[in-house]
Amino acid sequence: MVSGLINANPIVYEKKERRPRTGPVDLEDEDIKDPEHPYSLEDLKVITEDAIEVDDKRSYVRVTFTPTVEHCSMATVIGLCLRVKLMRSLPSRYKVDIRVAPGTHATEAAVNKQLNDKERVAAALENPNLVDMVDDCLAPSFE
Amino acid sequence: MADSTHCVKHIESFVDSSSTPAQQAASVNAIAALVKNDLITLESLVREMELYLTTTDSFLRARGTHLLAELLACLASKPLETETILSLIGFFTERLVDWKALHGALIGCLSLLRRKGNVGIVSGSKALAVAQSFLQNVQVQSLRQSDRKLCFELLRCLLERYPDDVVHLEDVLIPGICESIDGEKDPECLMLAFQIVEVLVHLFPDPTGPLASYATDLFENLSCYFPIHFTHPKGEDIDLKQVELSRTLMMAFASTPLFEPFSIPLLLEKLSSSLPLAKVESLKYLSYCSDKYGAARMAKHVKVMWSALKDIIYTSPESVLSLESELVDGMSFQESHTVTEALVLLQKVIYQNSNLLLDLIVSDEDIKRTVDDIHQLREYNDINLQSKQRLHAVGCILYLSAKASIGSCNRVFEGFFPRLVHALGISLENSDAPLSSPCNFGATYLCVELLAGCRALVVGTEGNTSTNVLAQEAWCNMLCSYGTSLTKIFSFALVAGQDGSTQNAYLHYGVKGLQILATFPGNFYPLSKSVYESILLKLISVVTMNFKDALLWKLALKALVEIGSFVDKFKDTEKARSFDAIVVDRIASLMLSDDLTMPSQLKLELISSIGTTGLSCMQKILQGLESSLSASLSGVYVNGDPELLGIATSLLECYSCKVLPWFDSIGGHEEVQFHFALNIWDQIENNMSFCISSQEQKLLPAAMTAMQYAVGRCLVESQKVIVDKAFSMLSSTTFTPVKDLMNETTPVKVEGFKSNDDLDCFSCRDKWIISLFASVVVALRPQAHITNVKVILQLFLTTQLYGHLPSAQALGSIINKLPVKVENMDASKVFSLEEAMDMIFNSRVWILCNEGPTKCPVAGNNNEIGFRNSVLLQSHAIDGLAWIGKGLLMRGHEKVKDVVVTLLSCILSDHDQGLLSIMRSAADAFHILISDSEACLNKRLHATMRPLYKQRLFSIVLPVILSLISKADSSIQRAMLYRAFANVVCGTPLSAILSEAKKLIPILVDSLSVLSEDILHKDIVYSILLVLSGVLTDKKRSEVVVENAHIIIRRLIALVSYPHMMVIRETAIQCLTAMSELPHARIYPMRTQVLLSISKTLDDPKRAVRQEAVKCRQAWASFA
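Line by line, the protein sequences are chains A and B.
Residue 1 is where the first sequence starts when you use full-length UniProt numbering, and the numbers rise one by one after that.
Residue 1 is where the second sequence starts when you use full-length UniProt numbering, and the numbers rise one by one after that.
Read the hints as simulated data drawn from the structure, not as lab findings.
Be careful, since some hints might not be right.
When the alpha-carbon atoms are kept at most 30 angstroms apart in a straight line, the in silico BS3-like pairs for lysine-lysine are as follows [claimed, not checked]: (1) A:K95 - B:K1102; (2) B:K1018 - B:K967; (3) A:K57 - B:K1102; (4) B:K967 - A:K95.
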C-alpha cells in the first residue's frame, strides 16, 4: 500500500437537504465512511443524490460516483462499499450497476469493469482484509 | 487481666504487616470498644504499646503511632483527663519530626485538636506548639496525596479553632502556608488550601498589618489556578465538582481587598481569553469580588471594565438570533452564558459606581451612534442582523441603567429619551397631531426597554421611597409629559402592524409598551387615570374586535391578563375599579350578548384567561358564565337548538378544564363546585320535556365530565346533598323498571322485563338523569355514605344490562367504596359490602353470566332476534361484572376470585359459533380489570386503591389460565383464553413479568402464534409483542431468552410478514435485531432463516419497515 494519504486534504461540502421521498425504493447509502477520512462519502461529494438512478419497475439501480482525485486508488474500495451496502439494503430482485463518473478517474474503464464483475466482487469479499475494511466503512451507515 | 491480653492480640494484629485494611479497622474498633467501656484505661494501653511506639524499626513505629492515632479518632466523644491529653499531644507534636511515622502523627494531632469542649481539649499553648513544630518540620509538598490532605486539614483546624494562638506566629505562618500550597495539584487538597487562605486572611484584618507584605506571594499562589479547569474530566474517583472548587477559589480571591491590585487586572485580562469558560469565570469572579472589595477600590477599574463588557455585549458571537422566538417575541436573542454573566456584572457595576459608569455610558460613542442613527432603523425587515444585535445590546444596557437607581434613571432618561422621542416623531407641542406613517421600529424598541427599566426601578423601590419623591424626579416629569403621546404611538403600532404578518415585531413591542405603561405600581403613577383607561380600552377593543389576527389577539390577551394580575397583586383599588369597569364587566357580559361574530371558542378562552387574574374577577365572570350556561342549556332542553348545543358543550368543557380546576388550585372554594353541580340538577328538574335529538353525542359526555370533576372536588357533606338531590330526581323518570324501583311499595320485579332491551328505550331525559347520577356516584368520596345504596345498586344493575356503560362504572365505584363493616351506626339503615355482594350474586347479572343466555327467560323466544338479544344481554352483563370485579380488585377483596372464575367459565362455556361475541367480551373483561381508567376508579375520583393490585390479579389469574389453556379442546376457546391471558399480561407492570419470564416466554410465543391467525386480535398481538420486546431487551434475564431463542426467533420470523398491521412488522423486526446480540453459538443455526425472511421484507410497502429490515439484515449478516 502507499504510505501516507492519497488525498491528504479533501474539500468537505455541506450536505444537501434531502428531497422528500416519493418512490417505493430508497437508497440508503447516506453516511458510508470514506476509506481515508472520517467523513461520509456524501460530505465529500463522492456520491450525490442526483448521481443515483432508480427504476423500480425494471428493478434496476445505477450509481455513478466521483472519486475525489483522478488517480484515487480507493475508487475500487469505494465502489465495493457501495455495492455491498446496496446488496444488503435492497431486495434481491435488483440489478445494481456501479460506475465511476466519466472523466474523473485515470483508469475508468478498468475500475468499472472490476466493480461490475460478479466473480471479482465475490472474490474480493472472500478476502478478509477487504471485508474488514468494507465493514468498517459501512458501520456508521447502519446506526 | 483477660482484657489486656485480649487487647495485646488486637494490637499485634494491627501492626502485623500482612493484615488488610479491613482487619486493621476491625482491631481498632475492638480496642476502642474496650476503652469506651472502661475495661481498659488509655494509660495502660499506651504502656502496653510502648514498644511499638518507640522501636527503631520504622515500620512498626509507624504502625504503632497510626494505631494510637486511629484510636483517638474513635474516642472523639469520650471524656479524657487533662494530663492524658497533655501527654498525648506532646507525644504527637514530637512525632511530627519523624517523617516515617508522620501519617499517624498527623491523624493524632488532628483528632486531638478537633475534640469538643466538654470532653477535654488541647490547650492554646499546646496548639501553638503543634503549629510551630508543623511549620518547622513538615515539607507538605514532598508528601503523598493522603498525607497532604491531612496536613491541610490540620492547618485549617489550627486556624479555625485556635486563631488567637496561631496569630502570634505571623512571621512563619504566612510564608509557611504559601510554601505548602505552592505547586499543589490535587483538587481535594486545593479545596482545603483555598479555604485555608480565606481563613488566614480573616486572621489579619489590618490592611497595613503583616499580611500586606505577603499579599503578593499569597495571591501568586492562588492566581495560577484561575480559571479552574479540569484537564482529566473523568478522573478516577474525584467526586469534587469543578463548580465547587471554582466557588471556593472565588471566595479566596475575594477574601481581602488587599488582593485587589493583583486580582482585578488578572481577571480583566482573562476576559479577552479565547476560552469561553475563562470568560464566564472571570465575569463571575469580577461580580463577586467587586462586591467584596467595595466601590472605592473598584472605581479605578470602571473604565476598563466598561469597555470589556461593552465588547462582550456588543459582539458576542454566541448571541444567535433565534428565528422561532422571533415570531413570538419580536426581537429576541438567545442569550449565551457569557452575555448573561456580563449583564449581571454590568448591573453590579452600575449599582456600585453609578456616576462613573453613567458618564461612560452617556458619552459612549457606539451607543450614541446607534441612537443617532436610529432613523435608519425604521422598518424592522430592513434592519440587518448586525444592527439588530447592536440594537439589542443598547436595549439591554439602557434597561439595566434605568433599573439601577433613581439617579441613574434620571441620567439615562435625560441622555437618550428626548432623542428617542424625537425619532418617534412626537413633540410636546403637537401631541394631538395624527400619525401617518408607521413609527420607527428601533426607537420603539429602545423606548420600550427604557420604560421597562423604569418600571422595574419603581417596583423595586416600592415601599422604600415615598412616591412623592419619585414624582419629583426628572425622568418622571418627562414620562408624564410624553405619556399620552407614547400611548398613542404604541396603540398606533398595533394598527400599523395589522397590514401584514411581517409586522409582528411592531405588534409585540406595541403591546409590550402599553402593558408597561399600564402596570406602574401603586399610587405612584406618572400617567393620568385617563391614559390608563385608554390603554385598557385599546386592548379590550383589540381582544373583542380583532380576533381574526391570531398573534395580536394572543398578545393583547396576555397583556390584559398581566395587567389584571398585577392590579390584583398590588391591591390598587383605584386601578382595580377601572379594570373592573372596563375589562371584567365587558367580558362577563360578552357571553350573554347575542353577538355571534366572535367564535364562542375564543370568547371562552378570553373569559377564562381574564378570570384567572384574581378571585373577585373570577367570581364576577362566574356569574356571567353561569347565566349563559343556564340559558344555553335550557335552550337546548326545550328547543334542541343546534347552535346553543355547541355553545353549551364548549361552556361545559371550559368549566371542567379551566374554571373549576382554577378554583381547585387556589383552594378553599369548594362551594363553587357544589353550586355548579346543583345548578345542573336544577336545570334538569325545571325542564320536564327534553328535545335533544338522540343523535347528539357530545353534550352529555361534556356534562358528565364536568359533573364528575365538580362532585369529586366537593367535601363529604356537600356530596351527600348532591346525591340526595340527584336521587330525588330519579323518581321523576318515566322509565318503567326505574319507576318500579323507586316506588318501593310495589315489589321489585327486575327479572321480567322484555328482551329487546336497548339504550333507545330510555327517553332522552331519563338517559341524562341516569348518566349524570352515575357520574355523581363515581366521584363520591368513600366517607360519603349513600343512604339508599340498595335501591341504587338495583337501579344500576338494571340499567347496565341495557348496555349503559356509566352505570356499570358506577357499580364498580360503589363496590369499591362501600364500608366493610358498619360502625357506630344503625345497622339496619346502612348497607355493608357483604350485603351488597350478596345482592350482586343473586342478581340477574350474575345469573346471566353463570348460566348463559339460553337458560334465561326470554320473552318472544321463538326466533333469531330473541337469541341475538339474549346474547347482547349477556355481554352487557359480563361488562358489568368486569367493572364490579375491578372495584373489588382495587380494594383487595377476596371475592374478586369468584368474579375471575365466572369470567373464565364464560370463555369456556360450551357454546357454538354464534356466541363468539360473549366469549370475546369475557376475554376483554380482563382488560377492564387490569387497565387504568380515566372515567372512574382512579385517584382523582377517590378510589380505594391497594398497592400492587395489578400484580395480585396477575398472580391469581396466571396459574388458572395456564391450566385451562392446556385443557381447552376447541381452537376458539384456546384463542379466547390466550386473549384473556394477553390482556392480563399487557396490563401488568414489566417488573412483575420479568420475574416470571421463564414461565411466560413459551406462552407468550404460543399466544402470538394463536392470536396472529385472526385479524380480530391484531391490537392485542401488538401489545404482546411490546411486552415480549420488553423482556428481550432486559439484560438481566438474557439466559431465559437464550434458552428460548429458537422458538422466539421462529415466531418473530412469521410475524415479520404480518399483513394487517405495519407496527407489528416493524416491532417484530426490531425484536429480531435485538436477538442478534445473543451468544453466536446459540443463534447461528437460525441465521440463514432470518436472513431469508428479512430479505423479503426489504421489499415491504412501508418505508419504516424497510429501514428496520436493513438494520436487522446488517446485524445478522455481519456477525458471521
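For this session: List in ascending order the numbers of the hints, as given earlier, that are violated by the structure.
Result: As far as the earlier hints go, only 4 is violated by this structure.
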